[in-house]
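J.: As a plain string of letters, each chain reads:
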Amino acid sequence: MKVLVKCFSQVKYAIGSNELTVTLKPGSNSADLETMVREQSAGALDDVTLRTAVNKHYVIEPVLLEDGDEVAFIPPVQGG
Amino acid sequence: MIVTEIVPSQIVPFPADDSRRNDGSEIVFNGRVRSTEQGEPILALEYEHYEGMAETELNRLAEKTVSKFSIHDLFCRHRVGQIGVGEISLHVVIWSKHRKEGLDAMTWFIAELKKHIPIWKWALLTSGERVPSECVHSEH
Chain F
1 MKVLVKCFSQ
11 VKYAIGSNEL
21 TVTLKPGSNS
31 ADLETMVREQ
41 SAGALDDVTL
51 RTAVNKHYVI
61 EPVLLEDGDE
71 VAFIPPVQGG
Chain Z
1 MIVTEIVPSQ
11 IVPFPADDSR
21 RNDGSEIVFN
31 GRVRSTEQGE
41 PILALEYEHY
51 EGMAETELNR
61 LAEKTVSKFS
71 IHDLFCRHRV
81 GQIGVGEISL
91 HVVIWSKHRK
101 EGLDAMTWFI
111 AELKKHIPIW
121 KWALLTSGER
131 VPSECVHSEH
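Those protein sequence lines, which keep their order, are chains F and Z.
The numbers in the working numbering rise by one with no breaks, and the one at position 11 of the first sequence is 11.
The numbers in the working numbering rise by one with no breaks, and the one at position 57 of the second sequence is 57.
None of these hints come from the bench; they were simulated from the model.
Do not take every clue at face value.
Stated by the list, open to error - Derived DSSO-like pairs (lysine-lysine); straight-line CA-CA distance at most 27 Å:
id	chain 1	residue 1	chain 2	residue 2
1	Z	K64	Z	K115
2	Z	K100	Z	K64
3	Z	K68	F	K56
4	Z	K115	F	K12
5	F	K56	F	K25
6	F	K56	F	K12
7	Z	K100	Z	K68
8	Z	K64	F	K56
9	Z	K115	Z	K68
10	F	K56	Z	K115
11	Z	K115	Z	K100
12	F	K25	F	K2
Please read all numbers here as calculations on a predicted model, not as lab measurements.
Take the sequences, apply the hints, and build the full model.
T.: See the structure below:
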């Protein structure tokens, strides 16, 4: 299955892209995907706390992902 | 009533409303871009948002604020994109019967906005470089 990862701020800076399309094994969850994204950042996100949003909603616990899901790993926000 | 908007250009303040008869307090907050980032001069800040989610979360936060505090109306405009030093990035107006609940609501709303709404800042340095802002607010 494929999911779209949207990248913002420090994640975008670390990954070097606005978004990624990632192929996952069926049964993968958001925590698995976060591990992949962190690995792709080559350590640049090691000290960054990330919250997870699936289909534009914050999730607290890892959730099973489905084909076509949109996931964002949200670094500390800075509005205002 | 609640109005929340994320706008890509200069913020137009909400108009004064002299027709209100039950709101003794009208509190206006304008957040402006400072000239330095971590002590270094900047040209501007560029605000990035998660389109679709930021709007939803901002509206949800406004609804929560109106439920939590004894206020009547909350209007909020947050600007995104490139914002020059001194310009307004955030404009909030809260109307309530008395000032205390309005002030408390304003403080809480802005603090929560800075913790939860998916909006980020990039600093445009005088060198021309664009880097993620390191400025993470809490209660400031």
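J.: All hints are to be evaluated individually against the structure, with a verdict given for each.
T.: Now for the hints, and whether the structure bears them out:
no., hint, in the structure
1, Z:K64 to Z:K115, "holds, 14 Å"
2, Z:K100 to Z:K64, "holds, 18 Å"
3, Z:K68 to F:K56, "holds, 24 Å"
4, Z:K115 to F:K12, "holds, 19 Å"
5, F:K56 to F:K25, "holds, 22 Å"
6, F:K56 to F:K12, "holds, 17 Å"
7, Z:K100 to Z:K68, "holds, 14 Å"
8, Z:K64 to F:K56, "holds, 19 Å"
9, Z:K115 to Z:K68, "holds, 17 Å"
10, F:K56 to Z:K115, "holds, 16 Å"
11, Z:K115 to Z:K100, "holds, 23 Å"
12, F:K25 to F:K2, "holds, 9 Å"
Violation of the numbered hints given earlier is absent; every hint is satisfied by the structure.
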